[in-house]
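The sequence shown begins at 9 in our numbering and counts up one residue at a time.
Rather than coming from a laboratory, the hints here were simulated on the basis of the structure.
Careful: at least some of the hints might be erroneous.
Stated by the list, open to error - DSSO-like, lysine-lysine: derived pairs with alpha carbons at most 27 Å apart: (1) K206 x K193; (2) K99 x K125; (3) K110 x K99; (4) K206 x K295; (5) K125 x K110; (6) K94 x K110; (7) K295 x K244.
Stated by the list, open to error - What follows is a list of derived Cβ distance ranges for each label pair: (8) H118 x P254: 32 to 38 Å; (9) E279 x H323: 19 to 25 Å; (10) E313 x Q162: 22 to 28 Å; (11) D248 x Y124: 56 to 62 Å; (12) Q162 x K319: 23 to 29 Å; (13) S171 x L90: 33 to 39 Å; (14) K240 x R327: 19 to 25 Å; (15) Y124 x P254: 46 to 52 Å; (16) E249 x N226: 22 to 28 Å; (17) E249 x N154: 41 to 47 Å; (18) K125 x K206: 16 to 22 Å.
Quick caveat, the model's predicted, so the values are computed rather than measured.
Ideal Cβ placement from N, Cα and C applies to all residues, glycine included.
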Amino acid sequence: MKKVNLYGKWIISISLLIICGYVYLIQVNDNKQVIEETSAQMHFEINNTKHAIETLKPKASPAEDFETEKPIYTAILDKALLIRDKELRIKTISNHLLNWAKEAPLECVHWLSEQYKAPEHMLYISQVIHFLITDNLPVAGDIILNFEILHSDQSIVDDYLSSQVAVSPYDGIEWLNNLSNEKIKQEAELRLLQTWAKLGPMQLLNYLEVHTEIAGNNRHIIQHQLAQTLTKNNSKQVQDEFYSYPSSFQPNLAYSVISQWPEHELSDAREWIFTLEGEQSKYFAIKSYIDYTGTSSANMNELIEQIHSSKLRAHLLERLQ
Numbered sequence: 009m010k011k012v013n014l015y016g017k018w019i020i021s022i023s024l025l026i027i028c029g030y031v032y033l034i035q036v037n038d039n040k041q042v043i044e045e046t047s048a049q050m051h052f053e054i055n056n057t058k059h060a061i062e063t064l065k066p067k068a069s070p071a072e073d074f075e076t077e078k079p080i081y082t083a084i085l086d087k088a089l090l091i092r093d094k095e096l097r098i099k100t101i102s103n104h105l106l107n108w109a110k111e112a113p114l115e116c117v118h119w120l121s122e123q124y125k126a127p128e129h130m131l132y133i134s135q136v137i138h139f140l141i142t143d144n145l146p147v148a149g150d151i152i153l154n155f156e157i158l159h160s161d162q163s164i165v166d167d168y169l170s171s172q173v174a175v176s177p178y179d180g181i182e183w184l185n186n187l188s189n190e191k192i193k194q195e196a197e198l199r200l201l202q203t204w205a206k207l208g209p210m211q212l213l214n215y216l217e218v219h220t221e222i223a224g225n226n227r228h229i230i231q232h233q234l235a236q237t238l239t240k241n242n243s244k245q246v247q248d249e250f251y252s253y254p255s256s257f258q259p260n261l262a263y264s265v266i267s268q269w270p271e272h273e274l275s276d277a278r279e280w281i282f283t284l285e286g287e288q289s290k291y292f293a294i295k296s297y298i299d300y301t302g303t304s305s306a307n308m309n310e311l312i313e314q315i316h317s318s319k320l321r322a323h324l325l326e327r328l329q
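Kindly produce the complete structure, drawing on both the sequences and the hints.
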C-alpha cells in the first residue's frame, strides 16, 4: 500500500514539473514576442524621430559653410597680423586676402570689416575691393554699397564706375544714386558722364536730352566734351548733319567743329560760319575761329556784324583786342 502511494506521488510530481515547464515555455515565448514587437516599435520610432529631426533641421546656410572654412584663413591671418616687420606683414596679409577674395569675397570683406583696429586696415580693404572690381564687378558693386565707409572712398568709387560705365552706364548711374556721400556722388557723376562721353557719345547725348536735371556747369562741361569727341571722330559728317543734333547742343558743336578745322582750309571755315543758322551757334563758331586763328585775324568784323545781340558782339570784339 505504501509503495502504491509513493508511486502515485511520484507521478503527480512529474506531471506538475511538466505542467510548470510548459507554462514557463509559453511565458518565455510570449515575452520574446513582446520584446521583439517592442524592439521593432522602438526602432521604428527612433527612425521616425531621426527623420523628423533631419526634416526640421534647417539646411546649412552659406554662413554656416563659412564657419566651417573660416578658421583656415582667419587662423593664418591672425598670425600674420602679429608680424612686426611692416613690409612683410602687408605683403603676407595682402596675398592671403586676395586668395580668400577669389574663393569667398563676401566672407573676406566681412572679416576685414571686423578688423578695424588692425594696422593698415583701410589699405587691405582697398586692395581687396580694387581686385574684385576687375575680378567680379557685380559683387564688388554690392559690397561697396553694403559697407557705408566705402561710399566716401573716392578712389574705389571712381574705379568701380569707370569699369561699370563700359558695361552699362545706366546701371552705373543707378548704382551711384545709392551712395550716401553726396559730395562724392556729385563728383563721381561728372566723371562717369565724362567717361561715357568718350565711350558712347550719341548714347549720352540722348540721355542728356531726357534728363534735364543735369544742369549748370556739369551740363556745359559734358556737352563740350561730347562735341569734341564727335567732331574728332568724324568732323565732316558732323558738319553735314549739324542741324540733326539737338538745338541746345548745336552751339557747343559749332565751337568744336571750327576748333578742329584743317588750318589750310580756314576760308572754308569762314564760309561755313556765314551759312550757320542760330545766334548762339554763330557766336560760338566765331569765338572758336578767333581762339583758333589768333586775335590778329583779318576781316572778322564782317562775321561779327552778323551777330544781332550787342552784348555778344561786344564780347567778340574784346577777344580781337
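Now the hints, each set against the structure:
Note on K206 and K193: the hinted pairing holds, with a Cα-Cα distance of about 20 Å set against a maximum of 27 Å. Restraint check for K99 and K125: the C-alpha separation of about 18 Å stays at or below 27 Å, so the hint holds. About 17 Å separates the Cα atoms of K110 and K99, which keeps this hinted pair within 27 Å; it holds. With a CA separation close to 24 Å, the supplied pair K206 and K295 stays within the 27 Å bound.
Taking the CA atoms of K125 and K110, the gap is about 24 Å. The hint holds against a cut of 27 Å. For a cut-off of 27 Å, the pair hint linking K94 to K110 stands: about 24 Å separates their Cα positions. Distance hint between K295 and K244 is fulfilled; the C-alpha atoms sit about 20 Å from each other, no more than 27 Å. Range check, H118 to P254: about 48 Å between beta-carbon atoms, so the 32 to 38 Å window is missed.
Distance hint check: the CB atoms of E279 and H323 are about 23 Å apart, consistent with the given range 19 to 25 Å. The beta-carbon spacing between E313 and Q162, approximately 49 Å, falls outside the hinted interval of 22 to 28 Å. A C-beta distance of roughly 60 Å is found between D248 and Y124, which places it inside the suggested range of 56 to 62 Å. In this structure the supplied range 23 to 29 Å is violated for Q162 paired with K319, their Cβ-Cβ distance being about 40 Å.
Between S171 and L90 the beta carbons are some 35 Å apart, a value that agrees with the proposed interval 33 to 39 Å. Our hint of 19 to 25 Å for K240 and R327 holds, since their Cβ atoms are close to 24 Å apart. Checked against the hint of 46 to 52 Å, the C-beta distance between Y124 and P254 comes to roughly 49 Å, which is consistent with it. Taken as a hint, the range 22 to 28 Å holds for the pair E249 and N226, whose Cβ atoms sit roughly 26 Å apart.
As the Cβ distance of E249 to N154 is approximately 46 Å, the hint placing it in 41 to 47 Å holds. A beta carbon spacing of about 42 Å between K125 and K206 contradicts the range 16 to 22 Å that was offered as a hint.
In summary, the structure is inconsistent with hints 8, 10, 12 and 18 from the numbered list given earlier, while agreeing with the others.
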